[in-house]
Every structure is written in C-alpha cells, then in structure tokens.
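So the chains spell out like this:
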Amino acid sequence: MTDKYDDRSHDSTSPTDADGHEVKHEGRTLPTLPGGLHDTTTSRTLWGDAWRRLRKNKLAVAGLIWICLIVVMTLSADLWVPPNFGDPLAIDTTPGANLQPPSLEHPFGTDKLGRDVFSRVVYGARVSLTVGLLAVSISLVIGLLLGALSGYYSGFVDGLVMRAADVFFAFPYILFAIALIAVLGPSYRNVFIAIGILGWPSIARVFRSSIFSVKENEYVDAARAMGASDLRIMFRHIMPNAIAPIIVYGTMSIGGAIITEAALSFLGMGVQPPTPSWGLMLSDAKSLMFAAPWLTIWPGFAILTTVLAFVLMGDGMRDALDVKMKD
Amino acid sequence: MSALLEVKDLATHFMTRDGVVKAVDGVSFVLEPGKTLAVVGESGSGKSVTALSIMRLIQEPQGRIVSGEILFKGDDIRKMSDSQVRSVRGDRIAMIFQDPMTSLNPVFRVGRQIGESLILHKGMTRKQAFERAVELLEMVGIPHPRDRAKDYPHQFSGGMRQRAMIAMALACDPDILIADEPTTALDVTIQAQILELMMEMQERTGAAIIMITHDLGVVADMADDVMVMYAGKQVEYGTSDRVFYEPRHPYTWGLLASLPRHDVDEKGTLLPITGQPPSLINVPPGCAFHPRCPHARGLCREEVPGLHDVGGGHLTTCPLAPDERPSEAPAQREGA
Chain A
1 MTDKYDDRSH DSTSPTDADG HEVKHEGRTL PTLPGGLHDT TTSRTLWGDA
51 WRRLRKNKLA VAGLIWICLI VVMTLSADLW VPPNFGDPLA IDTTPGANLQ
101 PPSLEHPFGT DKLGRDVFSR VVYGARVSLT VGLLAVSISL VIGLLLGALS
151 GYYSGFVDGL VMRAADVFFA FPYILFAIAL IAVLGPSYRN VFIAIGILGW
201 PSIARVFRSS IFSVKENEYV DAARAMGASD LRIMFRHIMP NAIAPIIVYG
251 TMSIGGAIIT EAALSFLGMG VQPPTPSWGL MLSDAKSLMF AAPWLTIWPG
301 FAILTTVLAF VLMGDGMRDA LDVKMKD
Chain B
1001 MSALLEVKDL ATHFMTRDGV VKAVDGVSFV LEPGKTLAVV GESGSGKSVT
1051 ALSIMRLIQE PQGRIVSGEI LFKGDDIRKM SDSQVRSVRG DRIAMIFQDP
1101 MTSLNPVFRV GRQIGESLIL HKGMTRKQAF ERAVELLEMV GIPHPRDRAK
1151 DYPHQFSGGM RQRAMIAMAL ACDPDILIAD EPTTALDVTI QAQILELMME
1201 MQERTGAAII MITHDLGVVA DMADDVMVMY AGKQVEYGTS DRVFYEPRHP
1251 YTWGLLASLP RHDVDEKGTL LPITGQPPSL INVPPGCAFH PRCPHARGLC
1301 REEVPGLHDV GGGHLTTCPL APDERPSEAP AQREGA
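Quick mapping for you: the protein sequence lines, in order, are chains A and B. The working numbering applies: residue 1 is where the first sequence begins, and numbers increase by one. The working numbering applies: residue 1001 is where the second sequence begins, and numbers increase by one.
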C-alpha cells in the first residue's frame, strides 16, 4: 500500500512540482524514490513563502525600499539634518535668506520665513508616518473587533455593526473628518484620532466579508467535527485565513491616512504651525506656487511617493499572501 | 445494549423563507461496533443531514433536530451539553468530508492538522501530536511521512489529501467514522484505493463506519447494512445481501438498474430513474416516490406508507408484495 505513490521532488526553486502526482502502473507498485529527491533542507513557512513571492514583485520591493529609506532618514534626522541644513523651525530674518531657490547649502531651497525646505520635508515625514501608523492602528483595533463580531455572529449583532458602518459611510469622508476635528479641536493628536475613528468601518467590512467567505469552507466544518470550540475555531481556523486582506488593506490605508492628514493640514484643520507637515507646507506655499515652485514641488513629491509606496507594497502583499498562488 | 449507535425516529428540519424543509423525516437505524452501514440516496435525500445530525453539527437556528433520539453507547447526543458533544466529536465519532481539496485548512501544515484532535482530546503536547501524526500518515500510505507532515495542504494531491483526512479522522481511534461521500471528488482509480484503505483501517482499528454515498457500486463490497433514503425518508433498510439481492422498493430497483454493469449485457443502455426528486418543501402526498414510480397505485398517492418488516429485519415502505415485482430482474429490463 505504502509504495503506490511516486513522490516527486519539490524543492523551493521549482515548487510547481510540489503537488506530488500519484502514479500507478497497472497494479504494479513503484518503489518509493530515495529520500534525497524530497528536499528536506528548505523549511517552508507561510511567511517565508510570502516573503519569497513579495521579493519577486519589483514594484512592491521598490515601495518597501522607499518606505525603509524614509523611515531611516526621518528617525536619524536629529543626527545629521540640523547641523548641515538648519533647524526646521529656525526662522531666518536676514534679508535675502527667505525664498532662496535650491542651492548646495539649501538643496530644496528656503521658504518665506527662511526655513530650510529639505529639513522641513524630512521632519514632515515624522508627522506623516506617525499619523498614518497611529490612525490605522486605531482603525484596526475597532474595525477588527467589530468586524469579527459581525462576521462570526451573524444576525442581530451583524445588523447593528453594519448599520453603524453605513452611517459612517453616509457622510462625505473629508467633511466628516473636518467636523470631528472641529469638535475635538485641531491638533496633532486629534488628527490621528479622527482619521482612526473614520477608518474603522472599511476595515470592519473587509474583515467581515473575509470571515464570511472563510466560514463557508469545509475545513471550518471539519474543525467543528473535530470537537474544536467556537473560540478555537474563530482564532485558529478562521482568523488566520481571513487576515490576509486586512494586512493588504491596512497597508494601503496608511497611504490613505497620510493623504488625509495632508489634506486636513492643508485646510488648517490638522497639524498646527510651526510643526513641519507636508500638507501644511503646501498650504503655506500655495500663493507662491509660481514665484517659488520648489516650495510646493518637494512636499508634494514626498506625499506622492510615500503614498504610492504604501499602495504598491499593499498590492504586492495581496499576491504574496495568497497561499494557493504558485510561484 | 450492544448497539454502538442507535438512531430512533430522527427528524431534522430547516426553516427557510419558503417554508419548512423536512430534510430528514423519521429515520431509524442501528449501528453495531465494527460494522459498516451504507446510507444511499440521490442528492438532497437527507443523507448528509442525517450524518450532521448525529454529530449535532446542524447550523442553528435555521436547521433544527425536531425529534428523535440519537443514542451513542446509550447516551442521547441530543441531550448532551455543548462541551459533552465536543468531547465526542473528533474523539469518539469522527467525520471525513466529501471534498479533500477544501476540508484541510490551507494555513496549517498537514501534520499539525492531523495532530490537532490529539492535542484537543488526548492532552498531547505539540511534539507528541506531531510524532503521532507522522505515524498516522505512514499508516494511510503517504510516502516520506516525516517530510510530508511538514507540507502545506496545497502541496498534496487530491488522493493524498483524502488519505490525510482519513489519518486525521482516525487520530483519536474513534468508535464511529462517518464518511460523507469520501470518494466523490476523486477520480476512479484513486476512489478504489481510498475505499480499500478505509476497509483496511476498519480492520485495524475496529471502528464502525457510516458510509454516505449516492453510488451503490461503492458500497457493495464494504457495507454490512444498507439504508436507502428518498426525500428525507428511509425507504428501505436491511442487510447488504437482502437489499442488493432482494430489493423491495422500486426506488432501490431504479438505483440498481441505473448502475453500469460489466457482467450482464454489453449493449444494454443504463436505465435512468425518470423525473426529478421532489422539492422537500412540497413533498408529494402519499409515498414521496409515487410520481416517479412505475408501479404506483391508488393508495400510494394518498397514504404515506409506513416501514414494515418483510423478513429478517429487512424493512421497506413499499407495499408491493414480492410476487408483484416485475418478473424480470431490474437490471435486465432493457426497453421497459
């Protein structure tokens, strides 16, 4: 009985062979192939596999590198930016120090108060990334909890949560954010709180539908038939299969939150001056767009590339996390 | 009390928007230790719902076991608490599902999944469970079991996955193994191997098997008893010999006649059972099979026939006397 199968090798370089084809020769049995053909050296894990697939996606890798670069630059900024380019908050009132075009001394130029734009862009990344991460974390905590409740206990709970989400969706997003901040008061902290609160309905919806589709799988019935409890089924069998879209959506949401922060700051409802924020810089420069284009180009470029990097990486992760996808 | 499992007058209904679906309506049977019972019928005849009811896996509140007793070693599963039922599921009564492609969780390694019930029911550590999983994989004929246990399900072929499912079901050495069409999703050569494996495993572990299938050919070798279901009702029940050689219900004749056979006639065409199975919301009055039955008479259309013993514990609902049965054996009724 044991030797009826021809077990094809499946090493990590050609995993398309991995589904061990069965071969039977008119009643004769094939000898089991020597163990050497079965690659035992590469240990394969879910995350290891996903990482290998992600590495093959050039755009996702580019996004990842860009994000890493920005993170490293902004975290180490205290060490090298102020001595070389000037403090982002240092106002220089010397005549001629303001509105300088890019030069060696000020690679991105200076703004109307004589502050170094490069320095402000680098420090602005702190605001953007912090707001992005904290806002999405808040959305995730609320969204995952409510989405899980909604997806697992359908019926009344589901109706309640989803109607609440519909109420959030019924308002224009940016207006709702402005209204929230008008109530809370414009500040750094309130910006990410507002964005975080507004983000939960989408997360909850994505997670709920993901749980719904996972719940229909026979392996969930199989787990129940095995005697697993509700909690165990939820956390061990459904969650790990339902979380991939959330990782993807969450990554992309960071980009969205960064844009929202910029928009709110641009409108004066976000981070308050003099804190360097990309949106605030754009807002300050809008009247000088033609006189001093470097004031708008650099923060704009920073917003564009950072958001794009998060979206590309999210997109790459969607493919990488699909277990059934063969490389 | 020698019976391992005794089901008495089980009825499971589903409440839908269109009405009550009587998926299982008055089914009774007895399963002795180490024996195999085959439950046969078309899609929608209530076979799977019967199996799920035994495990109490019917999705509430839409579905509900409305009456009957399910006595497992004398204890009524219907009356057990949730935690008692969980301790029976997977440990004493295990189930193999139809589609091996979807019944393994894609994010867990195969060995880990097989070991899960051991961790749940036998209090094993992960390491012990893994070792046992390797032994089980070897037992069901997976080559290189130690390496294969570290693979993910998508790295297994369909036949291997079904073997893994069998290993998983056998992990806790259950008293009853319920197999819900275990071979339907597999191709014919693999089907034969899986059935052979199940028989071998039964010999080794002494588990009783409830085999659910729509294919009488599949069960001919395996089953000790056969229960034929139609529209949620039991229409014939008896030992495999009696049901195969002296079938008493026209539906059973139809099932037998629609089987491809290699021993009877080369030119004969297969005889389908004409018509459609009835909707379970509007079951025809009288015998549910009468619209499709070539022998239906007046009373069949009015009165629901009860099960009666036609000798040796062979039960049927059909009132046709043996001499009223068409003289030709069903399989030779070409052109009828």
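Careful, some of the hints might be misleading.
[As the list claims (entries may be wrong)] Cut-off 30 Å, straight-line C-alpha distance, at most; resulting in silico cross-link-like pairs (DSS-like, lysine-lysine): (1) A:112 - A:286; (2) B:1079 - B:1127; (3) B:1127 - B:1035; (4) B:1127 - A:56; (5) B:1122 - B:1073; (6) A:56 - B:1150; (7) A:215 - B:1079; (8) B:1035 - A:215; (9) B:1150 - B:1122; (10) B:1073 - B:1008; (11) B:1150 - A:215; (12) B:1127 - B:1150.
What the hints contain is simulated information worked out from the structure, not anything from laboratory work.
Status of each hint after checking the structure:
Between residue 112 (chain A) and residue 286 (chain A), the direct Cα distance comes to roughly 12 Å. Compliance with the 30 Å bound is thereby established for this hinted pair. The straight-line distance between the Cα atoms of residue 1079 (chain B) and residue 1127 (chain B) is roughly 36 Å, outside the 30 Å bound, and the hint therefore fails. For the proposed pair residue 1127 (chain B) and residue 1035 (chain B), the alpha carbon gap of about 34 Å is over 30 Å, so the pair is violated. Between the alpha carbons of residue 1127 (chain B) and residue 56 (chain A) the distance comes to roughly 34 Å, so the proposed pair goes past 30 Å and is violated.
Annotation: proposed proximity of residue 1122 (chain B) to residue 1073 (chain B) holds, straight-line Cα distance about 20 Å (limit 30 Å). Taken as a hint, the residue 56 (chain A) and residue 1150 (chain B) pair is honoured in the structure, with Cα atoms around 24 Å apart against an allowance of 30 Å. Taken as a hint, the residue 215 (chain A) and residue 1079 (chain B) pair is honoured in the structure, with Cα atoms around 27 Å apart against an allowance of 30 Å. Of the pairs offered as hints, the one joining residue 1035 (chain B) and residue 215 (chain A) is violated, with about 34 Å between alpha carbons and a cut-off of 30 Å exceeded.
About 21 Å separates the Cα atoms of residue 1150 (chain B) and residue 1122 (chain B), which keeps this hinted pair within 30 Å; it holds. Note on residue 1073 (chain B) and residue 1008 (chain B): the hinted pairing holds, with a Cα-Cα distance of about 13 Å set against a maximum of 30 Å. This hinted pair checks out: residue 1150 (chain B) and residue 215 (chain A) have alpha carbons roughly 25 Å apart, not beyond 30 Å. Only pairs whose Cα atoms come within 30 Å are accepted, and residue 1127 (chain B) paired with residue 1150 (chain B) is accepted, the gap being roughly 13 Å.
When each numbered hint is compared with the structure, violations occur for hints 2, 3, 4, 8.
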